[in-house]
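Trainee: Chain by chain, the residues:
Protein chains: 6
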Amino acid sequence: MPFPAEQQIPTFPPPESESDESWVWSQIKAEAHRDADSEPALASFLYATILAHTSLARSLSFHLANKLCSSTLLSTLLYDLFLQTFSSFPSLLSAAVADLLATRHRDPACVSFSHCLLNYKGFLALQAHRVAHSLWSASRRPLALALHSRVADVFSVDIHPAARLGKGLLLDHATGVVIGETAVVGNNVSILHHVTLGGTGKAGGDRHPKIGDGVLIGAGATILGNVRIGEGAKIGAGSLVLIDVPTRTTAVGNPARLIGGKEAPSKLEDVPGESMDHTSFIFEWSDYII
Amino acid sequence: MPFPAEQQIPTFPPPESESDESWVWSQIKAEAHRDADSEPALASFLYATILAHTSLARSLSFHLANKLCSSTLLSTLLYDLFLQTFSSFPSLLSAAVADLLATRHRDPACVSFSHCLLNYKGFLALQAHRVAHSLWSASRRPLALALHSRVADVFSVDIHPAARLGKGLLLDHATGVVIGETAVVGNNVSILHHVTLGGTGKAGGDRHPKIGDGVLIGAGATILGNVRIGEGAKIGAGSLVLIDVPTRTTAVGNPARLIGGKEAPSKLEDVPGESMDHTSFIFEWSDYII
Amino acid sequence: MPFPAEQQIPTFPPPESESDESWVWSQIKAEAHRDADSEPALASFLYATILAHTSLARSLSFHLANKLCSSTLLSTLLYDLFLQTFSSFPSLLSAAVADLLATRHRDPACVSFSHCLLNYKGFLALQAHRVAHSLWSASRRPLALALHSRVADVFSVDIHPAARLGKGLLLDHATGVVIGETAVVGNNVSILHHVTLGGTGKAGGDRHPKIGDGVLIGAGATILGNVRIGEGAKIGAGSLVLIDVPTRTTAVGNPARLIGGKEAPSKLEDVPGESMDHTSFIFEWSDYII
Amino acid sequence: MPFPAEQQIPTFPPPESESDESWVWSQIKAEAHRDADSEPALASFLYATILAHTSLARSLSFHLANKLCSSTLLSTLLYDLFLQTFSSFPSLLSAAVADLLATRHRDPACVSFSHCLLNYKGFLALQAHRVAHSLWSASRRPLALALHSRVADVFSVDIHPAARLGKGLLLDHATGVVIGETAVVGNNVSILHHVTLGGTGKAGGDRHPKIGDGVLIGAGATILGNVRIGEGAKIGAGSLVLIDVPTRTTAVGNPARLIGGKEAPSKLEDVPGESMDHTSFIFEWSDYII
Amino acid sequence: MPFPAEQQIPTFPPPESESDESWVWSQIKAEAHRDADSEPALASFLYATILAHTSLARSLSFHLANKLCSSTLLSTLLYDLFLQTFSSFPSLLSAAVADLLATRHRDPACVSFSHCLLNYKGFLALQAHRVAHSLWSASRRPLALALHSRVADVFSVDIHPAARLGKGLLLDHATGVVIGETAVVGNNVSILHHVTLGGTGKAGGDRHPKIGDGVLIGAGATILGNVRIGEGAKIGAGSLVLIDVPTRTTAVGNPARLIGGKEAPSKLEDVPGESMDHTSFIFEWSDYII
Amino acid sequence: MPFPAEQQIPTFPPPESESDESWVWSQIKAEAHRDADSEPALASFLYATILAHTSLARSLSFHLANKLCSSTLLSTLLYDLFLQTFSSFPSLLSAAVADLLATRHRDPACVSFSHCLLNYKGFLALQAHRVAHSLWSASRRPLALALHSRVADVFSVDIHPAARLGKGLLLDHATGVVIGETAVVGNNVSILHHVTLGGTGKAGGDRHPKIGDGVLIGAGATILGNVRIGEGAKIGAGSLVLIDVPTRTTAVGNPARLIGGKEAPSKLEDVPGESMDHTSFIFEWSDYII
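Protein chains in written order, with my numbering: chain A, 32 to 321; chain B, 32 to 321; chain C, 32 to 321; chain D, 32 to 321; chain E, 32 to 321; chain F, 32 to 321.
For reference, chain A alone in the conformation it holds in the complex (with noise of 0.2 Å):
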């Protein structure tokens, strides 16, 4: 075998003296060689999604049109707006690759870069929720909403474009999430499947979360309300959340009990949204006695 993956694949982290962007690009484009080398029966795929292109906005845009289009909305139409978004608005790209070495850094599943890229549904509809975002952003809302639309159908994930959302997160599996029009997630978050940042009432205006940075929301919990969630703040999977929580404060159950919190000090350095450490509080508070 001609190509010695392990050479040509460089480790995590980059050197210094590189970008982010170039060095992940590189990194994907030496992954997908390896699997079109090992794998004749996905080359083709590799090659039309990856390696035929010049640059991971190229190859982003590609991929999302492909995955989006319908037969009202053409994929030529598609990944014209994409590439035309990531080219006018370079931190859209910045946001992916955060949120590709996000990705690949928490979730063990996640065994490459070109993994995250072309299969998870989570990375995809955030790619393709930014630029919606930027296209609500612009008063170009009547196409936003038709990009939101498609993305609720192809991945079952629903971001309302108006949501204002940070970089480095991750959405894992991604299955039913759903964040409302006035919600804003931070920088570093990590958002299991089934989540919903949610409104009440019919009322308009400010109605929906606002997320704080390295927050760990596990599968199927459901804030509503326009709450905020503090800082480095953990919710546990399937609680539901109507208050506010505060900083390195963890919330469980239905309806959500505080626990921990600020005087825990020696957790100073811990991000949840980072750790992935979904289970090991909810024993601080729950006994399992039978």
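Do not take every clue at face value.
The list makes no distinction among identical chains, and a pair is therefore deemed to hold if it is satisfied within one copy or across any two copies.
Stated by the list, open to error - Okay, derived cross-link-like pairs now, SDA-like style, lysine to any residue, Cα gap no bigger than 25 Å in a straight line:
#1 Lys241 <-> Ser168
#2 Lys60 <-> Glu70
#3 Lys233 <-> Asn257
#4 Lys233 <-> Ala140
#5 Lys233 <-> Cys141
Treat the hints as calculated values from the structure; they're not laboratory data.
Use these hints to put chains B, C, D, E and F onto chain A, whose structure you have.
Mentor: What follows is chains B, C, D, E and F alone, placed relative to chain A:
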């Protein structure tokens, strides 16, 4: 800009001299014209889906056929099926109009009727369900189940074709909704995403919930068995309901507890399925002390 | 009508002289003939998907290939992959037959074997997973992950290709099911929609649940971590389970409490995964007093 | 085999009590049933295209729509267009029936009416032309030209939508036929492949040939300019015709010479467009001496 | 009707202050607006193909990509290829504009520039050929040949990517045109359908015709071998030409005879490729005696 | 560049120790590897069509299925059909290999075997015809005719499935070729585009030409009726042939005259179908005097 949108898009509610259906359809066309003029990239989609059609029934049939088709169930076949069913059962279209009005009225994120028609997977799943239900009722069960399957794949909304649903419904976000074979849902009900109206056991027969008029069911609520949820009841987000819930009563928690109830005459006018107040009532029940 | 359906569709169970596979396949063809005769609009679909094929393996390969294909993963490529895998690993087809029998036996809404084969997204996701798992086991991981991704997009069912699943499984409704990399599921298990068998933390290794034979897991239940759910246990709808659940024991609530257990010898014959009794046991634990 | 094809496929010609259209349609359905029974691999196609439909107009509309659609002209749009046009202009369907009868009668390679309906690109191009011509006549020229373009791409048959064509036509093989804007073709004409009825010069106006009833035009013949080809004339294969050809006269050669003519009263009954004798007359003119 | 088409569609020729390209593009957009307003059924196509685009290069790239794509050569890939080539070689677009002007000027059936851009398979095949030729010249031969193959399939026009073609060309009707590897075609040439510029023998090297400026080649003419067709020559329909044809000379017949020639000074101004007089000259040569 | 193409692409002819089929297939894969390495934009196509496959039969089946599929004849169905037919009739693949060798040998524009396999519509139409012919011979006529129709639409090549064709054939350019039901074509024949082997009259029976081994038929030649074209004969471009042509004789003109013939022993070695000399012989006959 030659299109004075403010003048041409009529304001809600329709003048008394017009039927809801013709009023809503003219509204939708005016909105689509405005959006096509302002967003050339979307104009092709808007013309194909709305502006090329002479009636709401044709527009909806076209849109559903192109959303739900697959390589083995052609869009032309589905288009025929939808056209013929809407033509044979005019009440299906009245129900669609009632759903459009309900969505616009209750969901502050819904910016226009065309937004709902084009992009709300819950709305589209409901209309496809009604067609599947009419096929089921006409003993065309294999076709009804094939259509049901397409809706479950494309929208992640799983409504058994035998389920009987009222009108003026809002399936908000809609991903993950499951409604079983013998379920009945009244009029003016609002159901959030991830809601289950499920059966229990492997015996056949009448085994799914009966939901009264004006009920509000919050995100992720699970209602199991042949239980009755009375008119105007509220089911809290994330609740697990295994028992009857009386009229105008609230059920919250896992398992659900009942609060409020008929003894609240001052709230008689308020229909939860319409007010969409998902959270305030939960505070009446839960105490958040840490 | 020339086709005496009653005579030609054999009754369950199959006569002893026949294998399950040939019996089920002849059953499916008889059902499809009956339905094609009664519903011309569906006949094309039934011929393409079932009646044109000479074996269940070919029919299933064709149907999965056309369901899971995309513009970058062609149906012909997937068809080849499924055909070759079913041919190389006959046990995959036996498992499919066991799943068909389980679905027909346990789900009162399942009206025929062909109904399950054609329309049950849980059944189809399971069969695609088994193919992905065989690829994973043969170290063809990039291809296994690409297939996994298509199943997650199309069916909103997310089963990691490394997860080891038994046979005779029912994934009812199936939308939103998530099963992680190191999860193990026994035989004759029934899993409702929105169920998570999830991991915790960002460390790799054995971190997902182990589900014993005959377990029933209710809608929306979340089981996290490397915990053991013993044979014949029941997990209530909406439960959050973070601990081992002993054999024939029931876990309900958020967080889950255990009830019943081994001391119930009179129920030894009853297999919850087969009886599908989702709710009665919950009453043993919760008191609904208002 | 339960389908006694010999009995159910009526013999030609139709009994006097039936209209050609209903007789031909019942014939087509009987043929399709016979073929679907004998060839499972084709049954899906036959059901989708013929057997699922309630009339020849619907079957033909469906088949043309799926043949002529493209990624920018959707099958559902074309289907609508064909259905509405056949419904508004019943003479189009009569002409289609006359063409079916003509093809079956004149072409020994045509084994059945369904063979012609499904597979003869000349027949299909003619029917699409008639629809385009009705659009042209109704001043819907851009749509007529778009349809013309699809026919030219898909069938390599280029008939200007303004050309006026009779009925009972056979376009045998059809590839490469070009018929210009001001051409007129009578009834019961047979035209082989690569035939041109072309104009000359860049001036507009009436500049294309006029073809009388019952004319036969051999393969590769080129007729240019506003010339008249009289009733019952024959144009030899490969001929170049720039002059009028009198009634019942034969033109052969490049440039064409005329032979025979009105002085042959004994052949008055013989209609060349129906007898399809392409070659014998050429011997009357040419001497093959080596 | 708010769109005064007469005012907004500028008359030919363009005012001197404008480039041909910007003038033609504004013309095309005005025509498309007019047609979209008058024909809602076509509006979606016109917006997708013309009105959503910011330049002729983008519109043409989009249209060609959607015409020429297949299940194994995706529209997004072709779109990229066309966009990049038109961007790198601006002369390709100038040639396209010259062809548009030539078609509009010479073909009385061409009713508008958008008619040619959208519907003329000869025009579209020429533009795709020019892209293929630029790939061939850049030694990207496998890609050039793949594009050549798509053009031959979709348009039945077979121009070898190595052939060198001028501009201001009209390929009228175009079906069946074959132009070989070493052929050269000058400027302002008009070529009818079924014309062959072919080689002879199995030896490589320079073996195809060289066509001078302003030549007119009639339908079905076959020119074989490395012969020179002088400037302003005419080749009659159906001719077989194996010899050089001098400047301003006419060749007709099978095999072709030469008539006229340089001794006709009074016709010096007349360019046959532009006047499109296909037939008058043939009478000078042939005698039609019956 | 790691792939030393010069070494790995074997030179023609194959070494004696190898079968033509395995040698040609290894050649094709080497060419495709070389081209995929040099042209990333084409690599996806090359991997999907050639490099992912384990045999020429699979590659050819895949390519034909994706070329010939339509919305009503799925690629998976056609793929199955081609695979099974090539597997049942190994001689079909031998004929394909002979055609590949013939094309490479005779056509100087053919740069590689993969060029022919991927891009020559004549080659592909021939292979599809052979499959259709085997279906016809097995009395699966409706399926044979459906396949015939797809070939006529997609490639504009119309070969009746009953026609019996030899091997080592070259259909160069191929557009417009028509070969009738009772035609027979020998081995090592070369047929240019627009050639007709047609019948005459509306009577059935044996009515099409019989073409001997090694015949060359020039572009646009029309041969009509049950005539015999002897071994090694040449038919000039644009000829109209209605009579037998003896062995090693040349026919040219409209109508064709015969020249040369058996009395030319010195040319016995020369096979016109292989030498592809289309024009020199015509000079022997025609005098070009102006």
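Trainee: Checked against the structure, which of the hints given earlier come out wrong?
Mentor: none
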